[in-house]
Amino acid sequence: MLQVQDLSLTVPLQGKHLTAVEGVSLSLQPGRVLGLVGESGCGKSITAQAILRLGEHQGVDRTAGDILLDDTSLFSMNEFQLRKVRGGRIAMVFQEPMTALNPVFSIGSQITEVINLHLGLDGDKARARAIDLIQDVGMQDAESLLDQYPDALSGGMRQRVLIAMAMAGEPEYIIADEPTTALDVSVQKRIIQLLRALQQQKGLGMLLVTHDFGLVAELADDVAVMYAGQIVESGTVHQVFDHPAHPYTRALMGCRPEVSLPGSALPVISGQVPPPGSWPQGCHFAKRCAFADALCEKSVSLDVWSDNTHQARCVHVSEASA
Amino acid sequence: MSVLKAESLRKSFRRGGLWGGGSIHKAVDNVSFELKKGETLAIVGESGSGKSTTARIAMRLLEPDGGAVELLGEEISAVRGKPLRMLRKHIQMVFQDPFASLNPRMKIIETVGEGLRVHNPKMSKAERRAKAAEVLNLCGMGEEALDRYPHQFSGGQRQRIGIARALVVEPKVLVLDEPVSALDVSVQAQILNLLKDIQQQRELSYLFISHDLSVVRHVADRVMVMFAGRVVEQGTVSEVFETPKHPYTKMLLAARPIDHPGEREQGVTIAEVNEGTAQTGCPYRLRCPNAGDGCVDFDGSDQSSDHEHAYACLYPVTHD
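Chains as they are written, first to last, in my numbering: chain A, 1 to 322; chain B, 1 to 320.
Heads up, a few of these hints could be off.
In silico SDA-like pairs for lysine to any residue, Cα to Cα no more than 25 Å straight-line [claimed, not checked]:
| id | chain 1 | residue 1 | chain 2 | residue 2 |
| --- | --- | --- | --- | --- |
| 1 | A | Lys287 | B | Pro289 |
| 2 | A | Lys202 | B | Val268 |
| 3 | B | Lys196 | A | Leu121 |
| 4 | B | Lys196 | A | Pro267 |
| 5 | B | Lys196 | A | Ser154 |
| 6 | B | Lys250 | A | Val259 |
| 7 | B | Lys89 | B | Met123 |
| 8 | B | Lys107 | A | Val259 |
| 9 | A | Lys287 | B | Glu144 |
| 10 | B | Lys26 | A | Phe94 |
| 11 | A | Lys287 | B | Ser32 |
| 12 | B | Lys5 | B | Gly66 |
| 13 | A | Lys202 | B | Met141 |
| 14 | A | Lys298 | A | Pro275 |
| 15 | B | Lys37 | B | Gly155 |
| 16 | B | Lys26 | A | Ala182 |
| 17 | B | Lys196 | A | Gln272 |
| 18 | B | Lys172 | B | Arg222 |
| 19 | B | Lys107 | A | Gln272 |
| 20 | B | Lys196 | A | Ser260 |
| 21 | A | Lys16 | B | Tyr149 |
| 22 | B | Lys89 | B | Glu110 |
| 23 | B | Lys26 | A | Lys287 |
| 24 | A | Lys287 | B | Gly66 |
| 25 | A | Lys287 | B | Arg264 |
| 26 | B | Lys172 | B | Leu41 |
| 27 | B | Lys250 | A | Gly214 |
| 28 | B | Lys89 | B | Ser124 |
| 29 | B | Lys250 | A | Ser270 |
| 30 | B | Lys250 | A | Lys84 |
| 31 | A | Lys84 | A | Gly214 |
| 32 | B | Lys196 | B | Met123 |
| 33 | B | Lys107 | A | Lys287 |
| 34 | B | Lys107 | A | Leu13 |
| 35 | B | Lys250 | A | Lys16 |
| 36 | B | Lys196 | A | Lys84 |
Partner residues are not named here, just some residues of chain B that face chain A (Cβ under 7 Å, in silico) [what the hints assert, rightly or not]:
| id | residue |
| --- | --- |
| 37 | Ser23 |
| 38 | Leu192 |
| 39 | Leu194 |
Calculated directly from the structure, the hints in this document are not laboratory data. We put the CB at the ideal spot given by N, CA and C, even for glycine.
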């Protein structure tokens with residue numbers, strides 16, 4: 001299991017270290033997909049990057065909490081051990097297929113580098129493995145593709161190559177940060193199918209970071225909704241879609257044009273996500289919430305969880321979801 | 001009444017070949033449409049389908065190789081220089097990326113007021129400021145925004161400023177190029193509502209470019225689906241979404257993200273890359289499940305009987 005426990009992170013902003021992630025706990029299990037949903041600026045991407053201990057050179061600091069991979073803290077590992085974990089046990093698929101590949105190396109050399117590092121194969125063996133990987137992600141003419149450079153590929157093909165690279169180290173966990181955002185609709189669907197098929201075939205644990213409830217509906221088994229640095233709701237995908245409990249989750253799902261009558265005014269959430277450093281006391285969402293009262297602004301420990309698997313950080317859960 | 005009319009637009013680009021040579025790429029191939037007063041016409045298509053090029057030609061930001069554009073009943077394809085600049089008062093654009101489309105060194109008053117300096121040169125500075133404040137207000141922004149710089153605003157606020165900049169010269173037509181695709185869903189809802197309110201207040205016509213079918217279904221009256229530079233289907237939103245005729249439209253609609261995990265397909269297999277575009281005949285025929293005799297040299301003409309719900313396909317999708 002891969003567990004994020006009560007993690008708090010600060011980011012350097014305006015010359016200060018401001019809390020951007022506060023007390024976040026997530027648990028990734030083999031064979032399951034956890035969707036981490038939220039708007040931009042809510043802290044979901046830095047949380048995901050922290051799992052690979054990325055972002056530290058940009059000044060992201062852990063102030064509390066831990067990340068455990070099968071009971072070993074990632075923070076107790078040295079650089080050598082971390083390098084084995086990154087790509088070898090936990091791999092990452094990034095958002096921008098146009099920039100995540102190195103333009104001056106061939107596709108083949110970029111994939112075989114990972115194979116060499118994590119599986120210790122080189123030469124013809126590594127190349128044969130790379131060909132298998134390219135075929136696994138649905139691309140034909142693997143031989144000639146390996147000798148091509150990223151600029152010869154479309155966005156969808158580059159994303160397939162990135163997924164092949166992520167799979168190259170035979171990881172147990174995949175972190176996918178908005179893996180389909182930059183792609184066309186029909187290509188998105190194919191990448192979603194690819195991720196789901198690979199995840200199921202190999203029994204991977206996946207953290208899917210996204211702002212898109214449609215992608216969550218397609219891929220996730222479990223959902224965690226993040227708002228202003230905190231997890232505000234978590235549950236199975238059916239619990240969260242069928243009975244969203246937190247007013248923020250409900251509001252966010254309601255904004256989607258898919259669920260409104262064509263031409264009607266869309267429901268909105270007034271105001272905007274408060275940036276790190278200007279989070280209110282008590283519930284972070286209170287200022288924008290239709291159910292907020294004096295209790296929400298005072299109460300600091302808002303750990304009102306409705307039951308074991310479906311949890312919401314809201315003192316008005318029962319009223320809001322009525 | 002049509003405010004914007006495009007007739008048989010064509011535009012090719014030369015692709016590749018640093019020292020000449022290379023191949024000719026038909027970005028826009030025989031595209032015609034009509035935008036009526038107060039209406040929203042959506043152009044839908046994937047990257048490279050020619051939707052943005054079509055809009056840029058309609059705005060005369062790009063010179064077409066062939067075809068004609070009529071704005072408010074006036075043929076504008078041959079207009080140049082100052083008269084062209086004056087025409088731009090009537091047709092304005094809102095861009096996709098609110099982070100890239102505002103000049104970071106210009107205060108909001110300069111950005112929003114710039115159009116007025118060109119189109120109303122006699123306006124005093126105070127009048128310009130008052131007008132800019134009025135339009136910003138209409139877009140849900142306070143007057144205090146005028147003296148700030150773009151970096152002080154969020155993405156949604158910047159998009160409001162982008163809309164204000166377009167509206168300040170009181171155009172009749174807005175070309176909206178993916179106006180909400182860079183925004184979070186909650187902000188997207190605010191901007192879509194704003195666009196709708198302004199359209200009703202000012203009887204504006206929108207040419208709305210988007211790849212997001214859910215957004216299009218929500219905002220548009222009519223839809224034009226483009227593939228490889230051609231219009232493959234055109235009709236009202238309900239016609240196109242409920243009874244798509246072109247197999248490409250049908251595929252696009254089927255690829256829409258699902259609303260609920262219960263709609264998931266079970267037992268998916270890895271779909272292979274299939275991105276080919278035919279250079280002759282119907283460009284979609286290489287991937288089309290309906291392709292048959294005649295597609296190889298099909299000229300792309302409308303095959304509908306009424307020309308209302310138009311489609312360029314010999315073997316259209318049947319609905320019963």
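Can you confirm whether the C-alpha distance between Lys287 of chain A and Arg264 of chain B stays at or below 25 Å? The hint is violated at about 36 Å.
Mind checking the alpha carbons of Lys89 of chain B and Glu110 of chain B for me, to see if they're no more than 25 Å apart? holds, 17 Å
Between Lys298 of chain A and Pro275 of chain A, does the CA-CA distance stay at or below 25 Å? Distance ~20 Å between Lys298 of chain A and Pro275 of chain A Cα, so the pair holds.
Agreement of Lys250 of chain B and Val259 of chain A with the hint, judged by alpha carbon distance not exceeding 25 Å: holds, 20 Å
Is the straight-line distance between the alpha-carbon of Lys250 of chain B and that of Gly214 of chain A 25 Å or less? Judged against 25 Å, a Cα distance of about 19 Å means the pair holds.
Are Lys16 of chain A and Tyr149 of chain B close enough, with their CA atoms no more than 25 Å apart? Distance of about 22 Å is within 25 Å: holds.
Compare the distance between the alpha carbons of Lys287 of chain A and Pro289 of chain B with 25 Å, and conclude whether the hinted pair is satisfied. violated, 52 Å
What's the verdict on Lys287 of chain A and Ser32 of chain B, does the C-alpha distance respect the 25 Å limit or exceed it? Measuring from Cα to Cα gives roughly 49 Å; hence the hint is violated.
Pair hint outcome, Lys5 of chain B versus Gly66 of chain B [Cα-Cα no greater than 25 Å]: Between Lys5 of chain B and Gly66 of chain B the Cα gap is close to 14 Å, so the pair holds against 25 Å.
Satisfaction of hint between Phe94 of chain A and Lys26 of chain B, Cα-Cα up to 25 Å: Distance of about 33 Å is beyond 25 Å: violated.
Is the hinted pair Lys89 of chain B and Met123 of chain B satisfied, with a Cα-Cα distance of at most 25 Å? holds, 15 Å
Sort out whether Arg222 of chain B lies within 25 Å of Lys172 of chain B, counting only the CA atoms. holds, 18 Å
Violated hints, listed in ascending order, are 1, 3, 5, 8, 10, 11, 13, 15, 23, 24, 25, 29, 30, 31, 32, 33, 35, 36, 37, 39; each of the other numbered hints is respected by the structure.
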